[in-house]
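Chemist: So the chains spell out like this:
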Amino acid sequence: MILHTVNKSPYADQTLLSCLRAASEKDTLLLIEDGVYGALKGGEYSALVESAAPRILVLAPDLEARGLLDKLSTTIATVDYAGFVELTVTHDKVVSWF
Amino acid sequence: MILHTVNKSPYADQTLLSCLRAASEKDTLLLIEDGVYGALKGGEYSALVESAAPRILVLAPDLEARGLLDKLSTTIATVDYAGFVELTVTHDKVVSWF
Amino acid sequence: MKSFLIITRRSPYGTSYGKEALDAVLMASAFVPVSLLFLDDGVFQIKQHQDADCIEIKDYSPTFAVLEQYDVKNIYVSASSLQHRGLTEKDLVLDVEVISDARIANLLDTNAVVLSF
Amino acid sequence: MKSFLIITRRSPYGTSYGKEALDAVLMASAFVPVSLLFLDDGVFQIKQHQDADCIEIKDYSPTFAVLEQYDVKNIYVSASSLQHRGLTEKDLVLDVEVISDARIANLLDTNAVVLSF
Amino acid sequence: MIFSLAVYGSPYTYQSSDSAYQFARELLNQGHEIYRIFFYHDGVYNANRLTIPPQDEINISSRWSSFAGENNIELVVCVASALRRGVLDDSESRRYEKDTHNIEQNFTLSGLGQLIDAGIVSDRLVTFGS
Amino acid sequence: MIFSLAVYGSPYTYQSSDSAYQFARELLNQGHEIYRIFFYHDGVYNANRLTIPPQDEINISSRWSSFAGENNIELVVCVASALRRGVLDDSESRRYEKDTHNIEQNFTLSGLGQLIDAGIVSDRLVTFGS
Chain A
329 MILHTVNKSP
339 YADQTLLSCL
349 RAASEKDTLL
359 LIEDGVYGAL
369 KGGEYSALVE
379 SAAPRILVLA
389 PDLEARGLLD
399 KLSTTIATVD
409 YAGFVELTVT
419 HDKVVSWF
Chain B
329 MILHTVNKSP
339 YADQTLLSCL
349 RAASEKDTLL
359 LIEDGVYGAL
369 KGGEYSALVE
379 SAAPRILVLA
389 PDLEARGLLD
399 KLSTTIATVD
409 YAGFVELTVT
419 HDKVVSWF
Chain C
11 MKSFLIITRR
21 SPYGTSYGKE
31 ALDAVLMASA
41 FVPVSLLFLD
51 DGVFQIKQHQ
61 DADCIEIKDY
71 SPTFAVLEQY
81 DVKNIYVSAS
91 SLQHRGLTEK
101 DLVLDVEVIS
111 DARIANLLDT
121 NAVVLSF
Chain D
11 MKSFLIITRR
21 SPYGTSYGKE
31 ALDAVLMASA
41 FVPVSLLFLD
51 DGVFQIKQHQ
61 DADCIEIKDY
71 SPTFAVLEQY
81 DVKNIYVSAS
91 SLQHRGLTEK
101 DLVLDVEVIS
111 DARIANLLDT
121 NAVVLSF
Chain E
107 MIFSLAVYGS
117 PYTYQSSDSA
127 YQFARELLNQ
137 GHEIYRIFFY
147 HDGVYNANRL
157 TIPPQDEINI
167 SSRWSSFAGE
177 NNIELVVCVA
187 SALRRGVLDD
197 SESRRYEKDT
207 HNIEQNFTLS
217 GLGQLIDAGI
227 VSDRLVTFGS
Chain F
107 MIFSLAVYGS
117 PYTYQSSDSA
127 YQFARELLNQ
137 GHEIYRIFFY
147 HDGVYNANRL
157 TIPPQDEINI
167 SSRWSSFAGE
177 NNIELVVCVA
187 SALRRGVLDD
197 SESRRYEKDT
207 HNIEQNFTLS
217 GLGQLIDAGI
227 VSDRLVTFGS
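Note that the protein sequences, when read in sequence, are chains A, B, C, D, E and F. Note that the working numbering gives residue 396 to position 68 of the first sequence, counting from 1, and the numbers run on in steps of one. Note that the working numbering gives residue 384 to position 56 of the second sequence, counting from 1, and the numbers run on in steps of one. Note that the working numbering gives residue 114 to position 104 of the third sequence, counting from 1, and the numbers run on in steps of one. Note that the working numbering gives residue 110 to position 100 of the fourth sequence, counting from 1, and the numbers run on in steps of one. Note that the working numbering gives residue 222 to position 116 of the fifth sequence, counting from 1, and the numbers run on in steps of one. Note that the working numbering gives residue 191 to position 85 of the sixth sequence, counting from 1, and the numbers run on in steps of one.
Treat the hints as calculated values from the structure; they're not laboratory data. Accuracy of the hints is not assured; some may be wrong.
[As the list claims (entries may be wrong)] Incomplete in silico selection of chain D near chain E, CB under 7 Å: (1) Lys12; (2) Glu30; (3) Asp33; (4) Ala38; (5) Phe41; (6) Val82; (7) Val123.
All of these numbers come straight from a predicted model, not from anything done at the bench. Every residue, glycine too, gets a C-beta built ideally from N, C-alpha and C.
Could you put together the complete structure from these sequences and hints?
Modeler: Here it is, written out as structure tokens:
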């Protein structure tokens, strides 16, 4: 069980797509920094992210900093830094995509 | 008449697509640095680049450095730094995409 | 007098390019006619409700909202960039002119100098 | 002993990540079992015929070709990354195992530490 | 648990040093141990003590330095990455006959082996890339 | 023609300073004039005189410095970008009570207005981004 972090916007960069190709169903993806744009509803990549096999979470402070609380896809839950740390503990390892 | 330069690989980054959306038919696109990967034949973005409306050129030293002379799309011509400089003179301005 | 077009293409906070584009706009506006274009992830620079305090970074989006006071009157945002991202004009901190890709090509053509960030 | 997987995802010369991945592989191979995966634009790191002298940058691709001498025996390249880029095994400077996305997921699972560049 | 972090982004330019700092602070809040924070690639600029941010912004290298000093955490800067980018400690500065050094307190230059070691010793290694 | 260049990438990490240098050299070959080379964003690290590259690699800051000295070209580093990233000249170093400076010869710290001025005065402004 892997925690993947992605810190690039899918609208600018292919990193999220690459992570999704490599991640397993039982893994978790955490969108951080500019990665949080992957959690937008109604955008070009929203359907892809919403239907992805692994669980997808988003880092709340990075989402809030960018003013996106009102645009968050309804299928994606948020975590704060405390939750981020807990995820790194409950998963076997962390793989960073950047 | 604009000379656009693009220095990012289309396989990693959306910059080339963005440049193509904004460029006019009479413009020239010069692929430099990692942008030269846009000049590959047989890749996912090859058809798009080969059928693009503006003229597309590639910077030879960057292509050669990356070992891609044998993979260059047949519809794309190369220029060296001397040619790059000449292009900046013969076009009204340079717009850099990075 | 040469006119400048400044383009911001990056999202805020992940990199500092947005802040540096803003600084360039403010500086240029003191000397030359300036147009500003929000393109690609640059449209996120002017998303409403930003609050970078929560990541301990300085929030500069309020300055974008008052650019008219700095004589930056020509502020544009790409319609296709907004649309790809599921955003509309109402999501933005300032009144901008939403323009087509063809209009963007025209802006690139008609301004003497184009600076991109 | 913990095993390491090192992934290189960036193309050469545009950024220094490829060189830094190589340095990490060489260092890790002295201490732990190491696997190396070329993924995404990282596959360009091992494209044949590189010659960075012409841009006055040091060409490190020959070192990738001799990694076996450093006890780095498990060298993989993503099949889908090659295919998207119109490349085949024959275009590469070294013998690698071309693997599927499912196999990549398995590599991520079975190595204790994953370092990405 | 024992954690190590790797930071690859230049400060003020990429968010990665900010994210790494927030994460590191939360690790200590939750009672975890930080074995090492390793700076590589442009992340080595986090150790430059000559940074002078505007008054309303955080001094990133001082923030790391205080954090490390107060919590007894090792901040290791990859020496090869640092030399080529011009981040020097006193001893490298002398060795290469430069007249000054620019490394912030509580940062140490050392080899890339320290990153591998961090991966071996720690329960989790978390990378903040750029 | 009169040219100016803008460089945004950190040396050794991004190719942009190499590309800008190759381009600048070819400009002079063809008899053009370079009015100014402006360093912004992480490009300001090009001016760090403490860089010590491996012996088989080029010293990028010295290369700029020699090029500028031999050809009488202005290398201007954005002062705001430079201060926050810790690239200081003697006068800024004193003003902020640092004990040393780290700017390479032939580079000058100045305001962002110098980039706008370069755009106004030059026939072409070419940006090498990262």
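Chemist: Now tell me, hint by hint, if it's right for this structure.
Modeler: Going down the list of hints, with the structure as the test:
Taking 7 Å as the C-beta contact cut-off toward chain E, the hint placing D:Lys12 at the interface holds, the least distance being around 6 Å. Annotation: D:Glu30 was flagged as interfacial toward chain E, and the flag holds, the nearest CB pair being 6 Å apart, inside 7 Å. At a threshold of 7 Å, the smallest CB-CB gap from D:Asp33 to chain E is about 6 Å, leaving the interface hint in force. Contact between D:Ala38 and chain E, as hinted, is supported at the beta carbon level, the nearest pair being about 5 Å apart and thus within 7 Å.
Restraint check, D:Phe41 versus chain E: the minimum CB separation of about 5 Å is within 7 Å; hint holds. Below 7 Å, beta-carbon pairs count as interface contacts, and D:Val82 has none with chain E, the closest being about 13 Å; its hint is therefore violated. Taking 7 Å as the C-beta contact cut-off toward chain E, the hint placing D:Val123 at the interface holds, the least distance being around 4 Å.
Going down the numbered hints, you'll see the structure goes against just number 6.
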